[in-house]
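Novice: Respectively, the protein sequence lines represent chains A and B.
In case it helps, the numbering used here puts the first sequence at residues 1 to 246.
In case it helps, the numbering used here puts the second sequence at residues 1001 to 1242.
Check before you lean on any hint, since a few could be wrong.
[What the hints assert, rightly or not] Computed footprint of chain A on chain B; a stretch qualifies when at least three of its residues, placed anywhere within it, have a C-beta under 8 Å from a C-beta of chain A:
id, segment
1, 1011-1025
2, 1082-1093
3, 1178-1184
[Unchecked claim] These stretches of chain A come out as covered by chain B in the derived footprint (C-beta under 8 Å, 3 or more residues):
id, segment
4, 90-99
5, 102-111
6, 114-120
7, 221-227
No lab work stands behind these hints: they were computed from the structure.
Ideal Cβ placement from N, Cα and C applies to all residues, glycine included.
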Amino acid sequence: MDDLAIRLTGVGRRYGSLRAVDDLDLTVERGSVVALVGPNGAGKTTAISMMLGLAPPDTGTVTLFGGAPAEAVRAGRIGAMLQDGAFVPGATVRDMIELARALYPHPLRIDRILALAGLTGIAGRRLDRLSGGEAQRARFAFAVAGDPELLVLDEPAAAMDIAARRAFWTAIRSSAADGRTVLFSTHQLHEADEYADRIVVLAAGRVVAEGTPAQIRASAGVRDGESLDRAFLALTDLSVATETEH
Amino acid sequence: MRAYLRFELRRLVRDPRLMFFSIIGPVATYLVFSSWSAGDRLEGVDAPVAIMIGLAGYGAVAGVLMVGSAVSQERAAGWLHQLRVTPLPPGRVVAVKALVGSLTAIPPVIAVGAAAAIQHHVELPAGRWVALLLLMWAGTVPFALLGLAIGYGLAPQVAVPVNFLAFLALSVLGGLLAPAGYFPRGLQSLAHALPTYRYAELGWRTAAGHPPTVSGLAVLVAWTAGFALVAAWAYRRSTARR
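If we strip away everything but chain A, and leave its shape as in the complex, we get (with noise of 0.2 Å):
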């Protein structure tokens, strides 16, 4: 119906006495890849929950390509990397990837998951002998397995070495170029600059700041050549900002 693989419209969360999220709106193209970006204790996991349905929102909706999170997931549509969730002890990346494989109508080949997750030569290997980059890895792979039209990574690539963000990165964008859209949280900026087509910058529950890395440097008021760690300073902590002006 429309274009939006996800919609949040004044969505609220509370714990507490704490506003994890507040008010907030957001929206996400078919087809794009999107950053999401903000200070630890943003509301970037909290919003990311309510996303999958695992969490309701006190206020406001979220929906997934129209429907409702829940609909979307229970028709595979929807493939998520959470912050951890592989720590299955007796299972092998193999088990992990044929459960998710069979649970998803249209997956992809198991040597084409294994490739896209840099996980080819351990894939025998048990969940709980993984290193934290591999763990994540496994992750991915179980986030990818189904083809999913959605992906959303809540910090993906946080424990992976250099070479493997890149094939991670890769992976994301290639399949983004097949028509996948892509939702993730990252702190690493660079990253969000340089692999997302736009940036949504959360702080204390709100969207600050979005659009494209160059939107978002103008907005803050910083020059184009220069790292986004600036604007993103100046957009999520004012008293960085007034600091920085002189």
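We have chain A; now place chain B onto it with these hints.
Specialist: The following block gives chain B in isolation, referenced to the frame of chain A:
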């Protein structure tokens, strides 16, 4: 759902603790202690048969509880959330967990049964062996629910000791390790109120060629209903958080 069942069964087979607690432990205990009271009649059957059923039940309850309470770690690690963002319906996860848990009752019954057949030449008609196996499997339902209640209700640091204490109390006081016939009177009536005793009673009655008792079934059903309520409450609470 079948893929998830296969996934869980593979994991189970690779778990050395299960092998140790639910098979090797009871078999070794049987081999060492079953001769002590070899001449007695206990629970309406010869002692080697009574102890065989008690220890098979002990192994079965150990395995069933272990699988249920392991849910606690999977929950804490985020694995259950990961499953919830796949097309697998959350109810199926619970159903598979309960089924896989109850299936762990089968190997100890076979293993201890084999030990009894070899050591004491315990002989039962084939039909009774089959009935025994089926009842010892079906009778684990309350323990599967208790395991899930612990797994969904408690954090891993708490779930492990609580699981162990519940197991120890239920199996010792229920007369699975040492026959309740040797207990003082007060402890005996306590044993008769416990699901572990009534679970093993299914086996003792079967071995003797009798149907289950009404009072035994009533006690089992009551515990099952109680554990089911707690498990459902714990499950709902665990999905509401975060």
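Novice: Now tell me if each hint is right for this structure.
Specialist: To see whether the hints hold, each was checked on the structure:
1. With a threshold of 8 Å between beta carbons, the proposed coverage of the segment 1011-1025 of chain B by chain A holds, since 4 of its residues qualify and at least three are required.
2. Proximity of the segment 1082-1093 of chain B to chain A, defined as three or more residues with a beta carbon under 8 Å from a beta carbon of that chain, is established by the 7 residues found.
3. Judged by the Cβ-Cβ criterion of 8 Å, the segment 1178-1184 of chain B is not covered by chain A as claimed, because only 0 of its residues qualify and three are needed.
4. Here's how the segment 90-99 of chain A fares: 6 of its residues keep a CB closer than 8 Å to some CB of chain B, so the rule of at least three is met and the hint holds.
5. For the segment 102-111 of chain A, the stated coverage by chain B holds: 4 residues have a C-beta nearer than 8 Å to a C-beta of that chain, and at least 3 were required.
6. Check on the segment 114-120 of chain A: 0 of its residues sit with their Cβ under 8 Å from a Cβ of chain B, so the three-residue criterion for coverage is violated.
7. Note: the segment 221-227 of chain A has 0 residues with beta-carbon separation from chain B under 8 Å; the three-residue rule is not met and the coverage is violated.
In this structure, the hints that do not hold are numbers 3, 6 and 7, in rising order.
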